[in-house]
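As given, the protein sequences belong to chains A and B, one line each in that order. According to numbering that gives the first Met the number 0, the first sequence is numbered sequentially starting from 0. According to numbering that gives the first Met the number 0, the second sequence is numbered sequentially starting from 0.
Everything labelled a hint here was simulated from the structure, so no lab data went into it. Everything numeric in this text was worked out from a predicted model, so none of it was measured.
Going by beta-carbon spacing under 7 Å, a handful of chain B positions derived as facing chain A: (1) 197; (2) 364; (3) 426; (4) 430; (5) 437.
For glycine and all other residues, C-beta sits at the position ideal for the given N, C-alpha and C.
Next come the chains, spelled out residue by residue.
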Amino acid sequence: MDFINAIVVLTNFTLIPALAYGSQLALGAIFVTLIYAVLRFANFATGDMMSFGTMFAVLLTYYFQSIGLGLGFLPTALLTIPFAIIMMILYMLLIDKFVFSYYRIKKSPPVQFAMVSVGVMFVTQAIIRIIIGPSDRRFLDGEKFILKATEFKEMTGLNEGLTLKSTQAITIVVTLIIVSIMFWFLNKTKTGTSMRAYSDNEDLALLSGIDPKRVVLITWVIAGILATVGGILYGLDKSYRPFVYFNNMLPIFAAAIVGGIGNPFGAFLGGYVIAFAEILITYAYKRFIAYLVPENMEPDSLMQLLSTDYKFAVSFSILVIVLLIRPSGIFKGKTI
Amino acid sequence: MRKYSNIIAAYSIMLILIILVGIFQSWSIALTILNYCLISAVMTIGANIQWGYAGLINFGIMGYTALGGLAVVLVSVDPVQQAWQAGGLNILICFWIIVAMVVLIRYLLKYFDKSKYRTYGIAFIIIGGILLLRLTATPGIEAIEAVDPAKTGFLGGMGLPVLFSWIGGAFLAGGLAFIVGKIALGLRADYLAIATLLIAEIVVSIIKHEEWLARGVKNVIGLKRPAPYEIDLQTSQWFINLVEKFHTKKLSLINSITERQDALSQLVIDASSIYVKLCFTGLFLSVVIVLLIVTQKALYSPWGRKMRAIRDNEEAASAMGKNIVKEHLFIFILGSAIVGIAGAMMVTNDGLFTPGSYRPMRYTFVIWVMVIVGGTGNNFGAILGGFVVWFLWVEAAPMALFLINLFTSHLPETNSVRVHLIESAPYFRFLVIGIGLLTIMRYRPKGILPEKIEIK
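Assemble the whole structure, with the sequences as input and the hints as a guide.
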């Protein structure tokens, strides 16, 4: 019994949160990696673009709530996803037309692209803060829990409860759906293949009649979907605050590079690697160990490898180690 | 003279703008802006050395600035004797454990060939060392943080005059740059940017959460100052006489003696804050001028030519027998050390150390915008960039407010659009900076004052 209790503790406090957080990171990391593979630059506006899409979801959620439109036990925000995605894609295409395309045609070095994306980051942040302001917003409605700790305890008769928040379940399910559709698209359809060809070798792709404008357009469309969905899922699970989204850019970058930048599957797994590392290293194992060892040997300290203050630092350290040992990432980067 | 006309024109416009702020807002604000402009200028000189001279992209400016600030605390604050007695020994032991770990790992790396056993050995040293560190540090840290937590709860510094801390900041930042450079300098440009940014985040989070070091997010206030304090000035006779002399005309218009006394004391209070700021301006200006002369000399020296050669064509320079890795590391340390000085200057100016305020937006990206806007590779340009961008960063909000009021003046006071716009006026600074950067990058990619190298 003690053993099952220990497993439940670990599942409740590390496995489920890490899976949800990892899914959110994974969506962002695939976004970064796609832009890197096809458009060939590190997009420093990542976090703010995700925030931009989420902003529309938040505003539309408030609007839908005011006219009484909802999905019952599911959050209203799910209904707003298509509209938010459309706004996001429009914004991205606008930015691409007025900013990035000029440097793409000129074949500027990646550093210049990165600096331009810093400019885009400033502008996007300004627009977001002018429209919605910098404050913290919660836009989750509907059922909060799928499984409550007390219910679980009654059901199984265990000492420890297992909670499953609806946002965590939604995050994992939606991520799996989006990511599998995207991989199917990239690997099985003609357009996806042309995108991979363009990413592999631009000149050869152009020679074989692939339209670069179309490839770029589709990349932004996919990127818009990933960014918006990732942002909305994060916002539902925690809360929406522009500053936090900007900061999330850093673990997302870490995930993309750890997985091997330019490799969407690597980025997908990289998200989970980062999330699990952050949570497993900063989790206090006291209760877990207390169940496993005999009663008189219970540890006094929290049994925590690092305090939770260093959550971000953990993911960055992993990135530094990966860069040192295997700069191409765990799953060989470049080529989508 | 003609070749300097651009520079002179640009700097005069900047000076006029600051004077206009003095006339329309207040001289105190104008001097604050000027001081921060000068600090930003030091930062941009550092970033420009790395980016403009050598083409190294360093997004970790925030980390070096924070270390510079930390240096002020570590050098100038008086040591907390009780804390040292409580846990100083543990911390010293920890320090030596770290040194021993580094020496051991270096020894293994140097004298053993690459093998499975060597890797295991290194892993063993690291894991064992960390366990040992935790065991020795935890009681020490707890004891230190328990010493009067409301006021101290940290080890304190060395109690030296604050100006020494500027040098200390340079050394701390340079030391970090040495480690970062060893780790990351081989990476491709955009990887380097991300890696330096993330390492800086790690550094800042350590400073934030290790409270025994510098109180972390509890902040250190009341740091020493290289300038006199306002309160002392307000009570010293020579200063009051000086203010009286400046304002004899104004004061002679007031007849009643008590009113005159009140007016004088108000003037003295205003003047004391301006006097202190002027002292800082003088100090900062001299740092900027010294750095400018040195960097300008370096740019035209054989060393500067070598760096440009490496920047423009690494392979050719390498073929000529230049050690690129070494030069890159050197210039990375040099630039970072200058940023460290700026960080120390900033904390000295504020008189308080707030680790929570070090954010990448303000201390990395804005500084980069300064370098790009001003002119990469040109020291005058970089300094100008620091001035222009900082000026915009501060003055964008009042200007936006003015424009919003102008354009919405036909709307009623309670109009929701108007109220919302007025509330969001501070965020227009991001818009101004972003659009400024994008415009400059597009239409003047080399900055306002581009790099011009003449062979003498």
